[in-house]
Every structure is written in C-alpha cells, then in structure tokens.
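Protein chains: 2
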Amino acid sequence: MQFEPRATRNDIIGCLHNSEHFDYGVESWEAYKRRCLASDLIEEQRKVQAADLVIFQFPLYWFSMPASMKGWIDRVLVQGFAHNFPQCYDDGLLKNKLALLSFTTGGDEEMFSKGGVSGDIRYLLWPIQHGIMHFCGFKVLAPQICFAPKYVTEEKRKEMLTSWAQRLKTIWEEKPINCTPELYFK
Amino acid sequence: MQFEPRATRNDIIGCLHNSEHFDYGVESWEAYKRRCLASDLIEEQRKVQAADLVIFQFPLYWFSMPASMKGWIDRVLVQGFAHNFPQCYDDGLLKNKLALLSFTTGGDEEMFSKGGVSGDIRYLLWPIQHGIMHFCGFKVLAPQICFAPKYVTEEKRKEMLTSWAQRLKTIWEEKPINCTPELYFK
Numbered sequence: 087m088q089f090e091p092r093a094t095r096n097d098i099i100g101c102l103h104n105s106e107h108f109d110y111g112v113e114s115w116e117a118y119k120r121r122c123l124a125s126d127l128i129e130e131q132r133k134v135q136a137a138d139l140v141i142f143q144f145p146l147y148w149f150s151m152p153a154s155m156k157g158w159i160d161r162v163l164v165q166g167f168a169h170n171f172p173q174c175y176d177d178g179l180l181k182n183k184l185a186l187l188s189f190t191t192g193g194d195e196e197m198f199s200k201g202g203v204s205g206d207i208r209y210l211l212w213p214i215q216h217g218i219m220h221f222c223g224f225k226v227l228a229p230q231i232c233f234a235p236k237y238v239t240e241e242k243r244k245e246m247l248t249s250w251a252q253r254l255k256t257i258w259e260e261k262p263i264n265c266t267p268e269l270y271f272k
Numbered sequence: 087m088q089f090e091p092r093a094t095r096n097d098i099i100g101c102l103h104n105s106e107h108f109d110y111g112v113e114s115w116e117a118y119k120r121r122c123l124a125s126d127l128i129e130e131q132r133k134v135q136a137a138d139l140v141i142f143q144f145p146l147y148w149f150s151m152p153a154s155m156k157g158w159i160d161r162v163l164v165q166g167f168a169h170n171f172p173q174c175y176d177d178g179l180l181k182n183k184l185a186l187l188s189f190t191t192g193g194d195e196e197m198f199s200k201g202g203v204s205g206d207i208r209y210l211l212w213p214i215q216h217g218i219m220h221f222c223g224f225k226v227l228a229p230q231i232c233f234a235p236k237y238v239t240e241e242k243r244k245e246m247l248t249s250w251a252q253r254l255k256t257i258w259e260e261k262p263i264n265c266t267p268e269l270y271f272k
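As they're listed, the protein sequences go chains G and F. All residue numbers for the first sequence refer to the working numbering, where the first residue is 87 and numbers rise by one. All residue numbers for the second sequence refer to the working numbering, where the first residue is 87 and numbers rise by one.
Source of the hints: derived by calculation from the structure; they are not laboratory data. Please note: incorrect hints may appear among the correct ones.
Each pair may be met inside one copy or between any two copies, as identical chains are not told apart.
Unchecked claim - PhoX-like, lysine-lysine: derived pairs with alpha carbons at most 25 Å apart:
id : residue 1 : residue 2
1  : Lys255    : Lys272
2  : Lys119    : Lys181
3  : Lys133    : Lys272
4  : Lys244    : Lys183
5  : Lys200    : Lys119
6  : Lys242    : Lys119
7  : Lys236    : Lys119
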C-alpha cells in the first residue's frame, strides 16, 4: 500500500478553516465535520469503522512502528472520528472495538526483558498502547510478538505462525490488558 | 523540508545485496558500505556527522514524533553509520555527540504527570531517548518541553522561548540524563 505518511495541508480538500494559521489538528477535525478530508483518509476510516478488531502488523523499527504506519495513525485517527475531547481514553470514540499490536523484532526476548539491555518490551509499547489505542477507546488485547524471526530456525518460525493461528481462534474470548498509568508500570 | 519518510527499495542505488529477499536493514547497511545510499540520506548523514549536538524539534503527535520525523530516523540512522552491533548503546557510533528532544504538546503538564491521565511524560519518551538516541550512542540531555503553548497566554509563550534561549547559552555544561532500563523507571 503506497499510503502517504505525511500529515499536510493536502489532507484538506478546498478551503481551510483558518487560512492565516495552519493547525493540522484543527483543520483535520473541521474537515472531518465538513466531509472535506482527502479520499484516502475517508477510505481508511471506513475500514476502521467496519472492524470489530484492528490488528496493527509491523516490524519493530526503532522501538516503534515504521514511519509508514505512524503516518496512518497521524492522518486517519483525526478528532471527530477517533476521539473528541473529553471523549478519549475509556470514552474514546472507538470504544466498542478491540485492537492489538502484532510485530516482529530484531533483538531476542532476553534483550527485551526487564533486566535486558533494551528493557521490558512493555515499556516501549506504552506510548502506542496507551497514547494511541487506549486514547481512541480501543480495548487493547495482549500484543503478539515474534522475537527475532530472522535468527531462529525454520521450525521455530513455523511454531510462531501456528501459535498465532491458534490464538486467533479464540481471540474474541480474551480479556483486554490494563492500560492505565497506575497499573501499567507496576 | 519535503523529506521522504518511507523506507523502501528506492533508498538503494543500483543492485541489491540480496535481490531474492529484500531486508531493509541489511540492504541499507550494505548500501552504506558500498556508498550506494540515496543522495538525500547521504546529505542528512553529513549533517549529523558535522554536529556536536542534534536537537530534534517537533510537535508531539500521538505520544511520539510525527511520521515525517520518524521516517528521518528510519532512513538516516542506518547500520554502519549510527550503530553496528555490538556497537550500540554506550558504544553506538555517534557516542561523541549530544542530542535532545525539544517539543510542544497539546495536553498540559498535569495531564503528563505521574498521576495524570496520560502518565509521566518520561515514560512516553523512553522508546525515543533509549531506543533511538541512546542506541546510537548519543549522550541524551534533558528534554525541552513546551506544554500546551496553544492554550496559554502570549506572555507565557514568550517565557517559554526566553527560557529555551537562556538554557542554550550554557547547554555545553549540562550533564546527560541516565537512559538505562534500571535507572530510568525508578
């Protein structure tokens, strides 16, 4: 998918709400209400709206998602559609949906453990799971992590796929994880 | 700056190292060694190489940097240039340089406090300060944060700029913050 990651003035069709001072957050919110958002954003919002569960699948790049996916977040989850202060976190507009992160890493599980050189992998997921997913109201399911698939055996890679397929069979029965600041870092 | 944020095959000039199986990390590393990286990346690497202090200035988007800046990280800080396992973290290739995050937020300081709805702002900076800056060897200076400039008085905004200007006068005397997993979350 050749999705444009840059949030710019091009995302608003026609006149701006305030042409003196461009504020992307304000302009995309106003454009959403006036139905003047660029068509690629409307198309993506339709897909989100139709989904009961959104799976973000990516390779971990620099302790986060690649820029191409971050651009999807920056551009698609606009105010009015995904949140609308004070409708955020538990009251976010996507609160009847589930979401989870499914990703591959370069480093192995030990590196991403609490005592490992990169620290507990849950720490680096915090801005995404709380600041993006929870902020929009998604109930966040536990992440699906494939550690270092590049460096393990073919057999181990197959096991990773099998366990993912197995999990998906009963995913609707899973309980969300807690994404509040008080409990996440316990 | 119209910098391309997507890390793709276009970043490698000419033949690939392995045309059967495209791996961006491997290909950009090999291209760096063979001096076959796209010219916009080489130009950015020259700027980083010439700098004693790199300041990442951005508006906080979704608990992180905007995709346009994440794309700069994904594409510019390639293996061989910024790190080269095991040369990472304290031994990262940019270890003789300083770096800091300077950013504006939408939410106010209370929201980003330990007991606030968004949690301690240091938590969301972890993947960037440790996973990107520290990983490449940068000594990380304390972040410069302007909370909610959009919602404060003109006087307060001027104060934010003055204190930043003031800080820059003696920035070379500052001691780096500690970005190890053991100490960061204390």
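First find the shortest C-alpha distance between lysine 242 and lysine 119 inside one copy, then the shortest across copies, and answer within, between, both or neither for a cut-off of 25 Å.
neither (49 Å within a copy, 32 Å between copies)
Cα distance capped at 25 Å. Does lysine 200 pair with lysine 119 within a copy, between copies, both, or neither?
neither (44 Å within a copy, 34 Å between copies)
Is it within a copy, between copies, both, or neither that the alpha carbon of lysine 244 lies no farther than 25 Å from that of lysine 183?
neither (30 Å within a copy, 42 Å between copies)
Check lysine 133 against lysine 272 for me: Cα-Cα at most 25 Å, and say if that holds within a copy, between copies, both or neither.
For lysine 133 and lysine 272, the Cα distance exceeds 25 Å both inside one copy (35 Å) and across copies (41 Å).
Cα distance capped at 25 Å. Does lysine 255 pair with lysine 272 within a copy, between copies, both, or neither?
Intra 30 Å, inter 39 Å, cutoff 25 Å: neither.
At most 25 Å between alpha carbons: which applies to lysine 119 and lysine 181, within, between, both or neither?
within (20 Å within a copy, 48 Å between copies)
Quick one: lysine 236 to lysine 119, C-alpha cut-off 25 Å, is that within a copy, between copies, both, or neither?
Between copies only: 22 Å across, 45 Å inside.
Checked against the numbered hints above, the structure violates hints 1, 3, 4, 5 and 6; every other hint is satisfied.
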